[in-house]
Amino acid sequence: MVEPGTQHSPAPTGQGFGRVLVAVYGLFALAATSRSAVQIATELYKAPLAYLLSAFAAIVYIVATVSLARGDMTSRRLATVAISIELVGVLIVGAASEWFPSVFQHPTVWTGFGSGYGFVPLLLPFVGLWWLRHTR
Amino acid sequence: MTGTYATVITVVALLLAGWALICAALNRRPTLCLFAAGVLLEALLLVFAVGGVVQMAGSDRQFARAEFVGYLLGCLAIPPLAFYWARGERSRSGMVVIALALLITPVMVLRVQQVWAGSVG
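Order-wise, the sequence lines are chains A and B. According to this note's numbering, the stretch in the first sequence is residues 1 to 136, in order. According to this note's numbering, the stretch in the second sequence is residues 1 to 121, in order.
Derived by calculation from the structure, the hints in this document are not laboratory data. Possibly wrong hints are sitting among the right ones.
[Stated by the list, open to error] Okay, derived cross-link-like pairs now, SDA-like style, lysine to any residue, Cα gap no bigger than 25 Å in a straight line:
#1 A:Lys46 with B:Gln114
#2 A:Lys46 with A:Leu91
#3 A:Lys46 with A:Thr135
#4 A:Lys46 with B:Gln62
#5 A:Lys46 with B:Arg29
#6 A:Lys46 with B:Val12
#7 A:Lys46 with A:Arg77
#8 A:Lys46 with B:Ala17
If you're wondering where the values come from, they're calculated on a predicted model, not measured in any experiment.
Chain B with its partners taken away, still in its complex shape (with noise of 0.2 Å):
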């Protein structure tokens, strides 16, 4: 996998995770800006999936590869639930779990790295 692109992913997620973190800290509620840039790097995820499935398909070496897929349909699921489960929360809860997700997408897009390369599984 591009080593570059997932640092970008990593990069967005971290600064989104810790804009998240500020709101939730000040008792904001999510915003529609903080939901477009949700958007964004929703977009970044699906480009990394398709991408890593392409390359996988492309590839002759011996890697778990269910548990690839599984790490990267992983990746595109969490943020959207996220998003989805924390709407409608009156108290600052709602922005803590939206930060959850942000924290755990950096964590998956290392896992997809780590089978990719071979040492997991």
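Just chain A, same shape as in the assembly (with noise of 0.2 Å):
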């Protein structure tokens, strides 16, 4: 219970199964900014809104990342900007990949609803979510 007046402090976020969650972030923070660097650096001109939203992928999960790594209040919000954004992005990213397939040939982290990676970026941003909640 929470004393009215008082300050509620949360749960740390990167504790605890948060500690596992922050692992995973950090495994697709590297993984998405490898490959966009490479990406970017060596073939940007074949298909620069696949590899520009490789990036964008990245910067995101950097974001979630350390957020949920830091845990404080102002990171807690950041986390949650950055998680709701890498669901509607993975979302919509997977379903216009299904739709445009021939947009989408080079693959990026969210195509197909991250299919490349065994549908973990689906799953992550409810994960994400849940556990914002969880240890508010």
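Both chains come to you apart, so use the hints to assemble them.
Structural data, given as structure tokens:
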């Protein structure tokens, strides 16, 4: 119970189960960053949309990883925003890659709802938002 | 890339992953022994990465070189990051993080070999 008038301090987001969640987010931050760095450095002209999307996904994953690991009030808000963007991103890019496959011949992390990564990118934002709620 | 050496790394990483998973199941914290085994794996990966770059430099073949180096660096980065991030965790989650990293390592080694063979990228 939170007494009225007292400062409610939420549970840290980077400990316990959060330790594993941050590790998985970190892995995707690493994967998306390296993939987009290689793609943009070597063949941006081939599929600028897909590759810039990869870079965007990388930034979202980095912000989510760092803010979940830090876990203070500002970081929680930032994590909520980043993970919400991630959720919308994976749904829109996933759906768009089904409807307009010709535009998405070059894969991103979110193509096909993350099918190239065992659908973990689709699952991750739901788990992330649940965890933020759970530790509130 | 030399197949036997990559297989050795894969086996060592999987054995360590099994060890870490058992420790996680038994609710044990990371020990110095596990850390030392992690250092051994990292040493194997370092030789793998240096050998990979040397072999790449000596090859005229067309393959995704940037990706190849990227995966080699990824191999090297993941275990230390996992041990670092797991430190100070009081629940079994720290062990799960280490086990995850050790399970990812063979996948990364496999990707290195695939890129080397030219079937990816």
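Do the hints match the structure? See the list:
no.	hint	verdict
1	A:Lys46 with B:Gln114	holds, 22 Å
2	A:Lys46 with A:Leu91	holds, 24 Å
3	A:Lys46 with A:Thr135	violated, 43 Å
4	A:Lys46 with B:Gln62	holds, 18 Å
5	A:Lys46 with B:Arg29	violated, 48 Å
6	A:Lys46 with B:Val12	violated, 39 Å
7	A:Lys46 with A:Arg77	violated, 36 Å
8	A:Lys46 with B:Ala17	violated, 39 Å
Going down the numbered hints, you'll see the structure goes against 3, 5, 6, 7, 8, while the others check out.
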